[in-house]
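Residue numbering for the sequence shown follows our numbering, starting at 90 and increasing by one per position.
Treat the hints loosely; a few may be bogus.
Restraint ranges, calculated between C-beta atoms of paired labels, are given here [what the hints assert, rightly or not]:
| hint | residue 1 | residue 2 | range |
| --- | --- | --- | --- |
| 1 | Ala304 | Ser260 | 37 to 45 Å |
| 2 | Arg396 | Asp369 | 39 to 47 Å |
| 3 | Thr400 | Glu366 | 48 to 56 Å |
| 4 | Ala304 | Pro221 | 51 to 59 Å |
| 5 | Ala463 | Arg367 | 54 to 62 Å |
| 6 | Ile404 | Glu425 | 28 to 36 Å |
Hints in this document: simulated from the structure, not taken from any laboratory. From a predicted model like this one, the values you see are computed outputs, not experimental measurements. C-beta: ideal position from N, C-alpha, C; glycine also.
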Amino acid sequence: MSLFRRARRLRAGTATAFPAPTPRPRVTLSEQLQEIAAAATAPEDALEPALRAILETSTARAGAICLFDQRHALLRLAAEVGLSDEGCQRLRSVRHGDPTAWDMPLHGLLNRRAYLIESAARNRYVPRLVDPISAVRTVACIPLYAGVAPLGSLVLVAVAPRSFGERDVRSLERPLRELARIIEAVRRRAGADEENPVVPLPRVTSPAVAGELSAVVAERERLQVETAAHLAERTRVREELAGLRAERERLQNALEAAADEQARLATDLQGARRDAERIDALTAALAAAEQERARLAASLEAQAAERTVQTRSEIADRHARAEAERAVSVARAELEVARQAAASGAADAAALLGERHAEVERLVARLTRAEAEAARERDLSRERDRELERVASELRATVSREQR
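Using the sequences and the hints given, assemble the complete structure.
Quick look at the structure:
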């Protein structure tokens, strides 16, 4: 976005020390500042009109000019337009380390660097320069110099939808040189502050003496400028040293935090290793339990097959007992027939009866053996049932434990 735009009229009710210069077609900001400086009866009276001209030809809505006090190394608010009460209070007297002031312009002046703060509304280190603060888009702090001597700082505030960019700041270099000349005129008029009063020069009549005095005055001013520059440089070096110390402390704290984090990670790694070992042991136990379950299942299947064989054997025994009972019935029927036949033939009957008795005894003995064998088989079957039930109970208990 371009930094300059068509100049707009001042807001109604705005008081100015001097009337604005008559606009000319395509007049530049540098020319406006020259006209303002020429029209001012006192150099300090040109600061606020110059600031208004800068605001009207830029994307800024508010701004301030702060002058540098070389003796005390602080900035003092000299002119402001559109700032809030808090903004004026934070820029009224800016000293390094003062928590009640906003020292970003002073840092930029001492470090010879322009600061461009984007998204200033969300930056907690930027005070409420204008109301509402949520509308602030960009804040620029531009240092002003006369050669190497620091003069002051220009603070510009852009609100949405406008903003600043580095290109916009660079486009202000020539107009800011005119502003620096105005500030130099203010300082020359003031001569020196309360700590540096102007020493009146003696009245001389000789041109040679007057020339020497002028040279002495020029040399004194040059030495004052160099002294101020040295003081500013010393202040900057002190701030850099303090910054380096703070950075060293920060790095030391970061190193300690990293060591603590490394120890914590080592502890977590040991815990993870123990967990992995425990998981391996549980996996092995689970595999063993699975093998045991498979073994028990195979045993149960074998016992079930054996039970099937036993059941088939019992069925065969029952069939044999039934066959024996049928044979006994047949033998009894035959015995009855033999008894009947014995009545008709005693001799034959006696012989036949003996044979039949022998046959009956044989059959009775066979039946007795069959019944005894059947009783033994029943006892064995009941014993097998009890053993099968016990094994099945153990298998169910084992499976239940494995499932838990």
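How the hints compare with the structure:
no. : hint                        : verdict
1   : Ala304 - Ser260: 37 to 45 Å : holds, 39 Å
2   : Arg396 - Asp369: 39 to 47 Å : holds, 40 Å
3   : Thr400 - Glu366: 48 to 56 Å : holds, 50 Å
4   : Ala304 - Pro221: 51 to 59 Å : holds, 56 Å
5   : Ala463 - Arg367: 54 to 62 Å : holds, 59 Å
6   : Ile404 - Glu425: 28 to 36 Å : holds, 32 Å
Of the hints listed earlier, there is not a single one the structure fails to meet.
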